[in-house]
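Single-letter residue listing:
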Amino acid sequence: MRILLVEDDVDLSRQLKNALADAGYAVDHAADGEEAHYLGDTEPYDVIVLDLGLPRIDGVSVLERWRRDGKTTPVLILTARGAWSDKVSGFDAGADDYLTKPFHTEELLARLRALLRRSAGIASATLSCGGLRLDPRAARASVNGEPLRLTSLEYRLLHYMMMHQGRVISRTELVEHLYDQDFDRDSNTIEVFIGRVRKKVGSDRIETVRGLGYRLTPLAGETEAA
Amino acid sequence: MNDTAPVRSGGFDWGRLFGRPGQSLTRRLIWLASTWILLALVIAALALTHAFQESALRRLGNMLNETIDEIVVAASRTPPGERVEQIQDARTLRLLSGKYWQILEVQPDGRLTPLARSTSLWNYDLNLPADLPQRLERVLGDVITFNTDGPKDEPKKPEPLRVAASMKTIPRHDRPIIFLAALDRSEVDADTRQFATLTWIALLVMGAGLVSAVFIQVRFGLRPLFDLRNEIAAVRKGRAARIVHDYPLEIQPLAEQVNRLLDHNQEVVDRQRTHVGNLAHALKTPISVMLAEAGTQEGALPELVRRQTKVMQGQVDHHLRRARAAARAAHGLGEKTPVPEVLDELAVMIEQVFRAKDVEIDWRAPDELAFLGERQDLQEILGNLIENAAKFSRRRVRVSAGASGLGQMVVVVEDDGPGLPADQRDEVIKRGSRLDESAPGSGLGLSIVDDLTRAYGGRLTLSDSDMGGLKAVLELPAAET
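Going line by line, the protein sequences match chains U and D.
Using my numbering, the letters of the first sequence map in sequence onto residues 1 to 226.
Using my numbering, the letters of the second sequence map in sequence onto residues 1001 to 1481.
Source of the hints: derived by calculation from the structure; they are not laboratory data.
Misleading hints may appear alongside valid ones.
Using 30 Å as the maximum straight-line C-alpha spacing, the simulated DSS-like pairs for lysine-lysine come out as follows [unchecked claim]:
#1 Lys199/U - Lys1336/D
#2 Lys1357/D - Lys71/U
#3 Lys200/U - Lys1336/D
#4 Lys1391/D - Lys200/U
#5 Lys71/U - Lys17/U
#6 Lys1152/D - Lys1168/D
#7 Lys1357/D - Lys199/U
#8 Lys17/U - Lys1357/D
#9 Lys1310/D - Lys17/U
#10 Lys1471/D - Lys1336/D
#11 Lys17/U - Lys1391/D
#12 Lys1471/D - Lys1357/D
#13 Lys1357/D - Lys1391/D
#14 Lys1471/D - Lys1391/D
#15 Lys199/U - Lys71/U
#16 Lys199/U - Lys1391/D
#17 Lys71/U - Lys200/U
#18 Lys200/U - Lys1357/D
#19 Lys1310/D - Lys1391/D
#20 Lys1237/D - Lys1336/D
Beyond 10 Å from chain D on every Cβ pair, some chain U residues (computed) [as the list claims (entries may be wrong)]:
#21 Met1
#22 Arg2
#23 Ala23
#24 Val27
#25 Glu43
#26 Pro55
#27 Ser128
#28 Asp135
#29 Ser142
#30 Tyr160
#31 His164
#32 Ser203
#33 Asp204
Quick caveat, the model's predicted, so the values are computed rather than measured.
All C-beta atoms, glycine included, are put in the ideal place defined by N, C-alpha and C.
Turn these sequences into a full structure, and let the hints guide you.
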């Protein structure tokens, strides 16, 4: 497994490099934002550990650039700033996980293992409906290339509708597939989730068929992408 | 002079008379206006009374002049040595009638010898000031008027008289003659008194009216000031962030300056917070390094380093929290944070972090629900609570938020984990103790949530969820929609 470690503190870098190497990773190290961006852009890493406080270009900007360039490599953010507002902006920039300093090395290794497990099998067959795409293995969805941020319930709803696109799906059917247990099964729930998903994918994509249910269709003029 | 009395250096203290600047502006304005009004009215009353009296006395003087003319004629017609005839005036013929005349001759030695007097005067002499002959001599031929007492008619009080006197030389008399005419002036005095009384009453009523008008005007005129005061009080009590109302031209700049001061304070607080934050955050990397390095070695020194870096870490966390709390006191007032937005971003993020466990966060909140406070704080409160729930859950976390009326909202966060025994719930909130060292992340989560919630006047309570795990109920201020 190749890993890119981006950290500007000399001692911390040395420690982490040793720990990661001991855990069996092939470690590349970048000490500033520019170098990190270049390496991340050109080398096929399996996972990246990114410190946010970096010289030249800060970590969040580096991450945003990678994501803009279509890099999907899982990124774990390493930050001294533990406030939730900082975490949220890290995730908005495209992070997959975060770890607040000071941390235990074992904790970092455990998180990395989880990230790698998660991302295994990227580039599997994707579902699409017009500009809407969904990758079931990575549990990711996007609209016209823009990644969607969905909660797991929203994702599950969208997944089911994409597998049955073009067909009218009743509320009862949706409820049954949304929750795998007898749990909060009232039909208002579906309206709530349809509302939220519509807000994220564009409201015209999900059509309400009065008295019957909902139907997912490509937008008028959108051609089925290859 | 008592020499222990404090010596004031700067002359008269006007501030003391009109209410000190620190005391009441209303009183100061009313005092000033009232003083002016009363002073003007007193002067007016005195002037009016005086003018009235003058004109009454002038009328009296005209009558006296006529009498003098008559007795001058009578005296001129009478040869020296003979008795001057009475003039034809009924009042001068009736005894002590209040109208008198008298003719005196000035002797070379300065004595005055009576030549004649009116019948009404009987055998009395008019009371004259001692320097009268000298004064008359200086204005020879002209008339001098003065007041004096009339002839005594015991037991009655002597009547007040108005006297006109003139010194003339008349044909066939070598020596100058003084002609005197006198009239009772008690009527004039009574009229003047009555007029004065009426004037004073009228002006007093007017004064009272004016002072009340001033009072009303001042209260009304100063009302924007009271409004401003109330608004500033609201800012201080944390019910408002800034002065938002419009004020009259004169105090709008004051309101603006107050706003600028508030902004400036905010800036200073923000800067301090940033400094403290930067320092604390900058320390975290070295602490990390030392902890990791010391953790890999045995011996007395690594042990010491481990212990001391733990202390440092505790200090850093403590001061970061203090800085956040201090900033909060001045921040986030009147700000509205949409709850669904924050729940959505947190749910997506925390599910992603706990994807290894496939945690499912089912959140519900009305679209229009808004928290009355800073976004950062709501993120911190809900982020910690939901992360905590996700950490201890088996798979499910349920979050439901809703308005509970009266500017309040309730957020319930539940999970299907093992829950927390009742006797440990207080401990986990109060001391922020780390109950489960093995669960990843900061164990301080719940106490931060509690601190923040309290800072907003809210409440955090823990109980059992019907899902099996812990149920955290948050009460927070909601924005009116």
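Comparing the hints with the structure gives:
A threshold of 30 Å between alpha carbons decides the hint, and for Lys199/U with Lys1336/D the separation of about 21 Å falls inside it, so the pair holds. Between Lys1357/D and Lys71/U, the direct Cα distance comes to roughly 25 Å. Compliance with the 30 Å bound is thereby established for this hinted pair. The hinted pair formed by Lys200/U and Lys1336/D meets the criterion: a straight-line CA distance of about 22 Å does not exceed 30 Å. Under the criterion of a C-alpha separation no larger than 30 Å, the hint pairing Lys1391/D with Lys200/U is consistent with the structure, at around 27 Å.
At roughly 23 Å between alpha-carbon atoms, Lys71/U and Lys17/U fall within 30 Å of each other, so this suggested pair holds. Only pairs whose Cα atoms come within 30 Å are accepted, and Lys1152/D paired with Lys1168/D is accepted, the gap being roughly 28 Å. Note on Lys1357/D and Lys199/U: the hinted pairing holds, with a Cα-Cα distance of about 27 Å set against a maximum of 30 Å. Between Lys17/U and Lys1357/D, the direct Cα distance comes to roughly 28 Å. Compliance with the 30 Å bound is thereby established for this hinted pair.
Proximity of Lys1310/D to Lys17/U is assessed by CA-CA distance (about 23 Å); at most 30 Å being required, the pair is judged to hold. Note on Lys1471/D and Lys1336/D: the hinted pairing holds, with a Cα-Cα distance of about 26 Å set against a maximum of 30 Å. Proposed proximity of Lys17/U and Lys1391/D is supported: the alpha carbons are some 28 Å apart, at most 30 Å. A hinted pair counts as satisfied when its Cα atoms are at most 30 Å apart, and Lys1471/D with Lys1357/D qualifies at roughly 20 Å.
A threshold of 30 Å between alpha carbons decides the hint, and for Lys1357/D with Lys1391/D the separation of about 9 Å falls inside it, so the pair holds. For a cut-off of 30 Å, the pair hint linking Lys1471/D to Lys1391/D stands: about 14 Å separates their Cα positions. Under the criterion of a C-alpha separation no larger than 30 Å, the hint pairing Lys199/U with Lys71/U is consistent with the structure, at around 26 Å. Simply put, Lys199/U and Lys1391/D have alpha-carbon atoms about 29 Å apart, close enough for the 30 Å limit, and the pair holds.
Taking the CA atoms of Lys71/U and Lys200/U, the gap is about 22 Å. The hint holds against a cut of 30 Å. Under the criterion of a C-alpha separation no larger than 30 Å, the hint pairing Lys200/U with Lys1357/D is consistent with the structure, at around 25 Å. Distance hint between Lys1310/D and Lys1391/D is fulfilled; the C-alpha atoms sit about 24 Å from each other, no more than 30 Å. The suggested pairing of Lys1237/D with Lys1336/D holds, with an alpha-carbon distance near 18 Å, which does not exceed 30 Å.
Non-interface call for Met1/U relative to chain D: holds, since the shortest CB-CB distance, roughly 17 Å, exceeds 10 Å. Remark: the non-interface label on Arg2/U is consistent with the geometry, its nearest Cβ contact in chain D lying 21 Å away (cut-off 10 Å). Distance check for Ala23/U against chain D: the nearest CB is about 14 Å away, which clears 10 Å, and the non-interface claim stands. The Cβ of Val27/U lies farther than 10 Å from every Cβ of chain D, with a closest approach of about 16 Å, so its non-interface assignment holds.
Every Cβ of chain D is farther than 10 Å from the Cβ of Glu43/U; the closest lies at roughly 24 Å, confirming the non-interface assignment. Non-interface call for Pro55/U relative to chain D: holds, since the shortest CB-CB distance, roughly 13 Å, exceeds 10 Å. Every CB of chain D lies more than 10 Å from the CB of Ser128/U, the least distance being 21 Å, so the non-interface label holds. The beta carbon of Asp135/U is kept farther than 10 Å from every beta carbon of chain D, the shortest such distance being approximately 14 Å.
At the 10 Å boundary, the C-beta of Ser142/U stays outside the reach of chain D, the nearest C-beta of that chain being 14 Å off. Listed as a non-interface residue, Tyr160/U keeps its Cβ farther than 10 Å from every Cβ of chain D; the least gap is roughly 15 Å. Non-interface status of His164/U relative to chain D is upheld: no Cβ of that chain comes within 10 Å, the nearest being about 21 Å off. No beta-carbon of chain D comes within 10 Å of the beta-carbon of Ser203/U; the shortest separation is about 14 Å.
The Cβ of Asp204/U lies farther than 10 Å from every Cβ of chain D, with a closest approach of about 19 Å, so its non-interface assignment holds.
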